[in-house]
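For the record, the sequence lines run as chains E and D. Numbering of the first sequence is given in this note's numbering, commencing with residue 1 and proceeding in unit increments. Numbering of the second sequence is given in this note's numbering, commencing with residue 1 and proceeding in unit increments.
Be aware that a few hints might be false.
[As the list claims (entries may be wrong)] To be clear about the criterion: a stretch of chain E counts as covered by chain D if any three or more of its residues have a C-beta under 8 angstroms from a C-beta of chain D, and this derived list gives those stretches:
| # | stretch |
| --- | --- |
| 1 | 163-177 |
| 2 | 180-192 |
| 3 | 284-291 |
| 4 | 316-330 |
| 5 | 392-400 |
| 6 | 448-461 |
[What the hints assert, rightly or not] The calculated DMTMM-like cross-link candidates involving lysine to aspartate or glutamate, where the alpha carbons are at most 25 angstroms apart (straight line), are:
| # | chain 1 | residue 1 | chain 2 | residue 2 |
| --- | --- | --- | --- | --- |
| 7 | D | LYS64 | E | GLU494 |
| 8 | D | LYS64 | E | GLU53 |
| 9 | E | LYS386 | D | GLU91 |
Keep in mind the hints are simulated off the structure, nothing from the lab. Glycine is no exception: its CB is placed at the ideal position from the N, C-alpha and C atoms.
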Amino acid sequence: MDLFLNSVTVVLQPANMFMVALGVFIGTLFGCIPGLTATLAIALLSPLTFNLEPIPAMIMLLGIFAGGMYGGSITAITLRTPGAPANAATMLDGYPLTLQGKGGLAIGVSCFSGATGGLISCAVMICFAPIIARFALLFSPPEYFAVAFFGLTAVFAVSGSSLIKGFFATLLGLLFATAGYDPIFPIPRFDFGSMEMTKGLPFLPAVIGLFAFAEVFRLTTEYAGEKKYERIKIGRIIPTFKELLPLFPVMGRGGVWGTLIGILPGAGGTIAAYVAYGDAKRASKHPELFGTGILEGIAAPEAGNNAVTGGAVTPMLTLGIPGDSVTAILLGALTIQGIQPGPLLFTQRPDIVYPLFAGMVLSNIFLIFIGLVVIKPFSQLATIPKPLLISFLLVFGVMGALASGGVFEVWVALGFGVLGFYLERYGFPTAPLVLGLILGPLVENSLRQSLMLSDNNPMIFFTRPISCAFLLISAAIVGVIIYRRFRQRRGQAEQAAA
Amino acid sequence: MPHNAATRLASALHNTVAGARMTGSQNTVAGIMGILLAAGTWAVSNTFHATMAEAGLGPDFYPKGIAILLGLTSLVLIFGHVPVTKRQGVELKGLPFARLVLLLVLLWAYTLLITRLGYFSSTIIMSFLATFICYWEMDKTKILYACVTTGVVCISIYGIFKVLFRFSLPRGILF
């Protein structure tokens, strides 16, 4: 706790506070424009952090994460167009409230709930991350392989509609990650005579391609003029204490759900928001009012999706294993700063890790102020002309890729942009590919080191309790999903026959 | 008679292609690409030789393992009953396809030119053309919008990169 309190003074330095505020502002801005997400914002801005010190760089990116989760609720409530999938549940009660002339109040509640959920997840992270890190110090290569395998399995199993397509995308990511020098022998692989390729495929340009360029290609091919939105008066924004007080238990439960779901690989904000919404409805004395425009229907999903931030960051910092695309990019940004996330980070670099916690707390506090100030201008951002957005993303993407290296990086981003565009069109999830790219070196290294330790005997993974447990959980996840999809298909076939 | 055979063959081919379109040509195409990638990976991996391979599994072990898994997954995509996801977005033909191709060509040219012409000159051209590609077949007064968009994009990105984050942008013949 002392370490955390000391780090608060670091984060409260004006330059660092500015970076947090900037991150929250950018995250909210990207979050509330339909099609743009916090993931995209972090992917685009990560290369710009090269010139910064690690703490301001990372707290800005964490601020984007927090702001992005909230930002999507603004247009979900006012225009029934969620800025990101994680805000779709907020729309259920948000838009009816707008029709009642209480859109501003709904966004105000969303802002307070998001900050509360985020702060709950920060509290959990600050308490439990050091414990998890201490436990992870016991890990050796077989355990690391099993945990990385678990992360990959959970992500490909739950993303997308098909297990096979998720697995295919994971394998693509793992394969691309093999480019560059072999981790054990000094032999370049898949470099095709290029000096740049001996260092491997650069991660940040790849995610710029997968998220920014793929989105640009989608927007360009689908552009058919601007969608017309009616201008709606949103009314009062700041809720009274009397209005907020009954919502705190709902926010608390949503926050706990969001944190727990955030820790699980692959789950993410969308699931957290719906689970928190469903839980609030079940616990409510008047569940029939959900969906008609009540504030509980805003507080629960917003607390849930914002709480995912702390939950998702915990395994990334403690184990070095990201659970989704955002934390994978954050991990990439940390690595570029010369910081290797994992259990040793807590003992070797407490000067880095605790300010990150403090930065997350501060970004959730700033969320209340910035979030409330920007409501009115940002509520119209869905009407931003798409060609402007396309042009901005294109130039930003190219400049970001250039900033992370040179022209080679731009070609990589372009290649991944085309790949991401086609993968999305044909139902292949991109999150497993991103995780495969970032976890590939860890998976290969730990696998080969484990096999070296055991004279190439794969039983080493099953004779050690932690690795065995993670591999069994991975198998169970796949087994359960296959069983559920089999039952679903059989049910559909029976219905068709009847 | 030959005419009938040719008609039947053409009809069969058409039905096959149409059927494939309906029942999952996207999976088949992805599967074929996966198999080619797996075969290529295997072939290239054969060239990785470690001098001390006896110290552990060689540098080709892991890529080959991935190639095998990728090949098997691709076979399942082709021959298995993998559900066909409803295609996202518009059909890529006509204007949308032309826009995509033009945008890719534009990006290719922009990447080549930016280090020679510099940030401002190349971005003004690229941003104007990118906006114009979107306004294709629309009211020609949109050219004015394209000009405004170009100005906003150039200045805002210059502000973010150069002023806020102090990144040097490519310099060229004009700026």
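**Request:** Would you list, in rising numerical order, the hints stated earlier that this structure does not obey?
**Result:** Failing hints, ascending: 3, 4, 7 and 8.
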